[in-house]
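Chains as they are written, first to last, in our numbering: chain Y, 24 to 584; chain V, 24 to 584.
These are computed hints drawn from the structure, not numbers from a lab. Some clues are possibly wrong.
Since the list gives no way to pick out one identical chain from another, each pair is judged satisfied if it fits inside one copy or across any two copies.
In silico DSS-like cross-links for lysine-lysine, where the CA-CA straight-line distance does not exceed 25 Å [what the hints assert, rightly or not]:
{"#": "1", "residue 1": "Lys55", "residue 2": "Lys406"}
{"#": "2", "residue 1": "Lys295", "residue 2": "Lys498"}
{"#": "3", "residue 1": "Lys299", "residue 2": "Lys316"}
{"#": "4", "residue 1": "Lys383", "residue 2": "Lys295"}
{"#": "5", "residue 1": "Lys316", "residue 2": "Lys289"}
{"#": "6", "residue 1": "Lys316", "residue 2": "Lys295"}
{"#": "7", "residue 1": "Lys302", "residue 2": "Lys316"}
A quick note: this is a predicted structure, and the numbers were derived from the prediction, not measured.
Single-letter residue listing:
2 protein chains.
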Amino acid sequence: MMLFDKHLPTLERAREACRERHCWSPYPEMPKAYPNAEAAAASGKAAYEAMLGQPFDLDQPGTIGRLGEEISPYTQAPLGITYPQADIDALFDAAQSAMPAWARAPIEARLGALMEVLDTLYREHLFTLVHAVMHTAGQSYNMAYAGSGVNALDRGIEALVYAEEAMRAVTPKAGWERRFGPSEIRLEKTYRIVPRGVAVCFACASFPSWNAWPSMLASLATGNAVIVKPHPDTVLPMAITVRVCRQVLQAAGFDPNLVTMALDTKAQPLGKALIKHPKCAIVDFTGSTRFGKWVEENAHPAIAFTETAGCNTVVLQGADDLDAALRSLATTMCMFSAQMCTSPQNVYVPADGVDTPQGKVGFDEVAQRLADAVARLVEDPRKAAMIMATIQAPQTLALMEQMRDEGAAQGRVLLESRPYEHPDFPSARTATPLMLQVTPQSRELYGEERFGPISFVIRCDSAEDALSRATQDVKERGGLTAFLYATDEDFIARAEEAYANAGAQLTTNLTGAMPLNFAAAYSDYHVTGLNPAGNATLTNLAFVAPRFAVAQSRRPVKEGS
Amino acid sequence: MMLFDKHLPTLERAREACRERHCWSPYPEMPKAYPNAEAAAASGKAAYEAMLGQPFDLDQPGTIGRLGEEISPYTQAPLGITYPQADIDALFDAAQSAMPAWARAPIEARLGALMEVLDTLYREHLFTLVHAVMHTAGQSYNMAYAGSGVNALDRGIEALVYAEEAMRAVTPKAGWERRFGPSEIRLEKTYRIVPRGVAVCFACASFPSWNAWPSMLASLATGNAVIVKPHPDTVLPMAITVRVCRQVLQAAGFDPNLVTMALDTKAQPLGKALIKHPKCAIVDFTGSTRFGKWVEENAHPAIAFTETAGCNTVVLQGADDLDAALRSLATTMCMFSAQMCTSPQNVYVPADGVDTPQGKVGFDEVAQRLADAVARLVEDPRKAAMIMATIQAPQTLALMEQMRDEGAAQGRVLLESRPYEHPDFPSARTATPLMLQVTPQSRELYGEERFGPISFVIRCDSAEDALSRATQDVKERGGLTAFLYATDEDFIARAEEAYANAGAQLTTNLTGAMPLNFAAAYSDYHVTGLNPAGNATLTNLAFVAPRFAVAQSRRPVKEGS
Numbered sequence: 024m025m026l027f028d029k030h031l032p033t034l035e036r037a038r039e040a041c042r043e044r045h046c047w048s049p050y051p052e053m054p055k056a057y058p059n060a061e062a063a064a065a066s067g068k069a070a071y072e073a074m075l076g077q078p079f080d081l082d083q084p085g086t087i088g089r090l091g092e093e094i095s096p097y098t099q100a101p102l103g104i105t106y107p108q109a110d111i112d113a114l115f116d117a118a119q120s121a122m123p124a125w126a127r128a129p130i131e132a133r134l135g136a137l138m139e140v141l142d143t144l145y146r147e148h149l150f151t152l153v154h155a156v157m158h159t160a161g162q163s164y165n166m167a168y169a170g171s172g173v174n175a176l177d178r179g180i181e182a183l184v185y186a187e188e189a190m191r192a193v194t195p196k197a198g199w200e201r202r203f204g205p206s207e208i209r210l211e212k213t214y215r216i217v218p219r220g221v222a223v224c225f226a227c228a229s230f231p232s233w234n235a236w237p238s239m240l241a242s243l244a245t246g247n248a249v250i251v252k253p254h255p256d257t258v259l260p261m262a263i264t265v266r267v268c269r270q271v272l273q274a275a276g277f278d279p280n281l282v283t284m285a286l287d288t289k290a291q292p293l294g295k296a297l298i299k300h301p302k303c304a305i306v307d308f309t310g311s312t313r314f315g316k317w318v319e320e321n322a323h324p325a326i327a328f329t330e331t332a333g334c335n336t337v338v339l340q341g342a343d344d345l346d347a348a349l350r351s352l353a354t355t356m357c358m359f360s361a362q363m364c365t366s367p368q369n370v371y372v373p374a375d376g377v378d379t380p381q382g383k384v385g386f387d388e389v390a391q392r393l394a395d396a397v398a399r400l401v402e403d404p405r406k407a408a409m410i411m412a413t414i415q416a417p418q419t420l421a422l423m424e425q426m427r428d429e430g431a432a433q434g435r436v437l438l439e440s441r442p443y444e445h446p447d448f449p450s451a452r453t454a455t456p457l458m459l460q461v462t463p464q465s466r467e468l469y470g471e472e473r474f475g476p477i478s479f480v481i482r483c484d485s486a487e488d489a490l491s492r493a494t495q496d497v498k499e500r501g502g503l504t505a506f507l508y509a510t511d512e513d514f515i516a517r518a519e520e521a522y523a524n525a526g527a528q529l530t531t532n533l534t535g536a537m538p539l540n541f542a543a544a545y546s547d548y549h550v551t552g553l554n555p556a557g558n559a560t561l562t563n564l565a566f567v568a569p570r571f572a573v574a575q576s577r578r579p580v581k582e583g584s
Numbered sequence: 024m025m026l027f028d029k030h031l032p033t034l035e036r037a038r039e040a041c042r043e044r045h046c047w048s049p050y051p052e053m054p055k056a057y058p059n060a061e062a063a064a065a066s067g068k069a070a071y072e073a074m075l076g077q078p079f080d081l082d083q084p085g086t087i088g089r090l091g092e093e094i095s096p097y098t099q100a101p102l103g104i105t106y107p108q109a110d111i112d113a114l115f116d117a118a119q120s121a122m123p124a125w126a127r128a129p130i131e132a133r134l135g136a137l138m139e140v141l142d143t144l145y146r147e148h149l150f151t152l153v154h155a156v157m158h159t160a161g162q163s164y165n166m167a168y169a170g171s172g173v174n175a176l177d178r179g180i181e182a183l184v185y186a187e188e189a190m191r192a193v194t195p196k197a198g199w200e201r202r203f204g205p206s207e208i209r210l211e212k213t214y215r216i217v218p219r220g221v222a223v224c225f226a227c228a229s230f231p232s233w234n235a236w237p238s239m240l241a242s243l244a245t246g247n248a249v250i251v252k253p254h255p256d257t258v259l260p261m262a263i264t265v266r267v268c269r270q271v272l273q274a275a276g277f278d279p280n281l282v283t284m285a286l287d288t289k290a291q292p293l294g295k296a297l298i299k300h301p302k303c304a305i306v307d308f309t310g311s312t313r314f315g316k317w318v319e320e321n322a323h324p325a326i327a328f329t330e331t332a333g334c335n336t337v338v339l340q341g342a343d344d345l346d347a348a349l350r351s352l353a354t355t356m357c358m359f360s361a362q363m364c365t366s367p368q369n370v371y372v373p374a375d376g377v378d379t380p381q382g383k384v385g386f387d388e389v390a391q392r393l394a395d396a397v398a399r400l401v402e403d404p405r406k407a408a409m410i411m412a413t414i415q416a417p418q419t420l421a422l423m424e425q426m427r428d429e430g431a432a433q434g435r436v437l438l439e440s441r442p443y444e445h446p447d448f449p450s451a452r453t454a455t456p457l458m459l460q461v462t463p464q465s466r467e468l469y470g471e472e473r474f475g476p477i478s479f480v481i482r483c484d485s486a487e488d489a490l491s492r493a494t495q496d497v498k499e500r501g502g503l504t505a506f507l508y509a510t511d512e513d514f515i516a517r518a519e520e521a522y523a524n525a526g527a528q529l530t531t532n533l534t535g536a537m538p539l540n541f542a543a544a545y546s547d548y549h550v551t552g553l554n555p556a557g558n559a560t561l562t563n564l565a566f567v568a569p570r571f572a573v574a575q576s577r578r579p580v581k582e583g584s
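Model the full assembly from the supplied sequences, consistent with the hints where possible.
As structure tokens, this is what we get:
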């Protein structure tokens, strides 16, 4: 209980934030505000560098070899780190053996140990994780610190809050009495939280911790064990996570095999074998739509939580300050080279233009001004580097080339992509955004996620047509976020209803320095489950409650009691 | 809100009962205690009789014909009632059109209308339902009143309580402010409960309302529409339910097409077409293990809640009063001719006997005394009728014959089955229990649900062996309930843990007049999801929370506000 008591004040604040959904975090969001920031940053970087070219020390069962094929998007050189390759039966067996004592422990013991895991990641490993994320996922320093660091820790705490709420809804004991004919029956009933079994948590290449941490913690808090399956391109952040989990759980008196890692290679993926393993009971998957669909259809009897992708949409009806709107949009389209599941891709613009206080601004002008805004952002390599960082995977460059040609054939290229020179990493894999102007006839081109800095400006008949196409694309092809600029309040009301039914989280008329797709733990719900982009809502009760069962036992009250 | 206010005191008591899990119900459980019981019973019966041989008046869309093939297990004569056969596209379209206004209504409006549905079923239709259940499911009068009447209404209220809890966990609005670099961002956020879509609720032949009512109410409360798919043998109780839902919803100002009925025939089942319909978003299924497995594997993208079956197990280690234990067991094995999903089927007995204060009672003697206890219960036809009622389906008799022959070949027949003469219905389809004595070698015989009054007494090596086999059979083959008689407290503790992990709800050392398999709403959890017997826990948060999504919209706070 000591760890629970230690972290209770934070948990209490987090519970309140989840209830009220206001802005709160126990962590400073700027690296500079980290305690003793300069020394911590330096030693985190040194710790990262010391890992390069070395076997990663992860003492887990069933090691049958070593694997490692990570290449830094910043240097395009291999990290040279190798990790244990595990026999998956051994991992499942070890996970299952670890569970009974963990499941029997009081809720407070599990929550305390898991809060300690998050706190340890924050206090001891945050800056190491920053470099690990940079050189695998390819994020900028600041995004690796915030989005993959403290924001992801917040998502983890949030998952614990909801797991606790769902478990506390089950009273551990009850007395029950009733007359049946001649008998007065008095029963004592015991209700147990029974974990569903071994969870497999897939982490994605470009944004591993933000989804994986809450998934892992939701499973662990409810008594399950977790096998982490990182993307072979982005292992190090998850390997550090797994090691910290194991150390903290062991120090708290639990079996470290509650958390292990199953690594594979791109040439020989393990995913299906893990999911179809007879001991797999829960799957959390973040990644491609194609495999995510396979997971949803084939995970049974395991339950599946997925976050895949879709075509996130923007509808422009009007703006009080069109330049401010286009600037915000441009920034968000450039952010981490649009390699976030929340990045906008499709911009639906009425052919007759966008309403402004100065009158209608025509379609062509809107498209051009948006392209200009993007172009301006990437002019200065230093600014470009901060916003766009790198391209995680070489195949994204190939996709961009293909899209450019198809877009040029079907419509026109609004903005050509080019590599930009990263000021700190001259070998970085970079690309400025590719923007294509098309009509709704090109739906097969834009109607699915085109991962990377690729966007489409789509000429629609009218604002109504734009909204109708955008929400239909979301409903049928998937979409997590949506963005609207509008001056007509009735139109906004219709858009809010249409996007709610399509299941995309809508941001309206936001301008200024906040990235439009910023999703705050404790306040912004992520993924609805209403369209093909997945069902893993961070975090609501549906994300946690199915991870455990309630088993009861009842017996007559002993006489005299 | 008027209806909500009217029913709020009951809801408040129900919330408290769900929290504390004590014994409570707003309804008297004995028919005699119903208000103005004699007149109500007579007019309910008259209303039932007036329906016989008539077209059932159900004014719903898409009617393309009429169907009806119900045969009373009491008279073995057709009821002669015909019901609308619906075009399923028309039902889905109508359901979908009905949803937006229902989903937009405040939670209180939905809960109020649904409490009114339950109250109307209770006040105006309970005794009609009793006869409808008797002459389709074949239950006794008292069971139809309690198990399929007031207890099922309780399960409905319980579902509303949890649906409310899950929805109230989502605040409808929040203010959020944070600094991003130079900008102070102030957002107002709106969170909507968005129903998942059209639900299809399958009701089973032998116990339709107890599972279907909570499923329907869980879906409706969270804003969905429901298409009810009754078993073609047992339509009338669900047709009455659907008609009452439609009338009450319409009177409350909502579209009656929120609830419709899709009837099929045994020769031309509609189940798969309903589940694979592109507008099907939720499936609730109670029925056979075979089709339940198909549902779980194929419902996607719909979510599925299932309650199928399994081999419910009994372990005998010891008893302070063996006769009392065997009497309770015998009664429960006879109850409704073991046609309940909670009926015990497999009795695991140590070869070296059962501990009692008088010493060990040997295996053969235990088996014989259990068979004698069953035989005594069914000697008197009046008592037999009250406990066993009828056999719902003719194929159960065929199965019993087959099991008798296989059991005799592999082991021995402990108790032969015979028809008994029902005192009130001379043509009733009846059968006294068949009991077979076997060894674990006959696992293929007893290791699945054998629906009807068929039980197996299984000779195990020891009490430990009995427990180990019983819980393994549950885990691998499914099981909802489990029963234990034991005098060794360590053994009880091990059994509680083993059954919790296998996912069966355990009752230990219960004797007296309460049927061992009685499951009380607000107190007893039903189905765990941890074994192949289904995943529809009545009722926990996991049963309700996935039925809706949370969609948010956020925009800058208007200046000056």
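Exercise for the section: Indicate which option fits the pair lysine 316, lysine 289 if close means a Cα-Cα distance not exceeding 25 Å: within, between, both or neither. Expected result: within (19 Å within a copy, 33 Å between copies)
Problem - Intra/inter-copy verdict for lysine 299 and lysine 316 if alpha-carbon distance must be at most 25 Å - result: both (15 Å within a copy, 16 Å between copies)
Handout entry: Intra- versus inter-copy proximity for lysine 295 and lysine 383 (alpha-carbon distance at most 25 Å)
Key = The answer is neither: 53 Å in one copy and 52 Å across copies each exceed 25 Å.
Exercise for the section: Pop the pair lysine 55 and lysine 406 into one bin, within, between, both or neither, using alpha-carbon distances up to 25 Å. Expected result: within (19 Å within a copy, 81 Å between copies)
Practice task
Have a look at lysine 302 and lysine 316 and pick one of within, between, both or neither, based on CA distance no larger than 25 Å.
Solution key: Intra 21 Å, inter 18 Å, cutoff 25 Å: intra and inter.
Problem - Within, between, both or neither, where lysine 316 and lysine 295 count as close if Cα-Cα is 25 Å or less - result: both (12 Å within a copy, 21 Å between copies)
Exercise for the section: Please work out whether the CA atoms of lysine 295 and lysine 498 approach to 25 Å or closer within one copy, between two copies, in both situations, or in neither? Expected result: Between. Shortest inter-copy distance 23 Å satisfies the 25 Å Cα cut-off; intra-copy 27 Å does not.
The structure does not agree with numbered hint 4 stated previously, though it agrees with all others.
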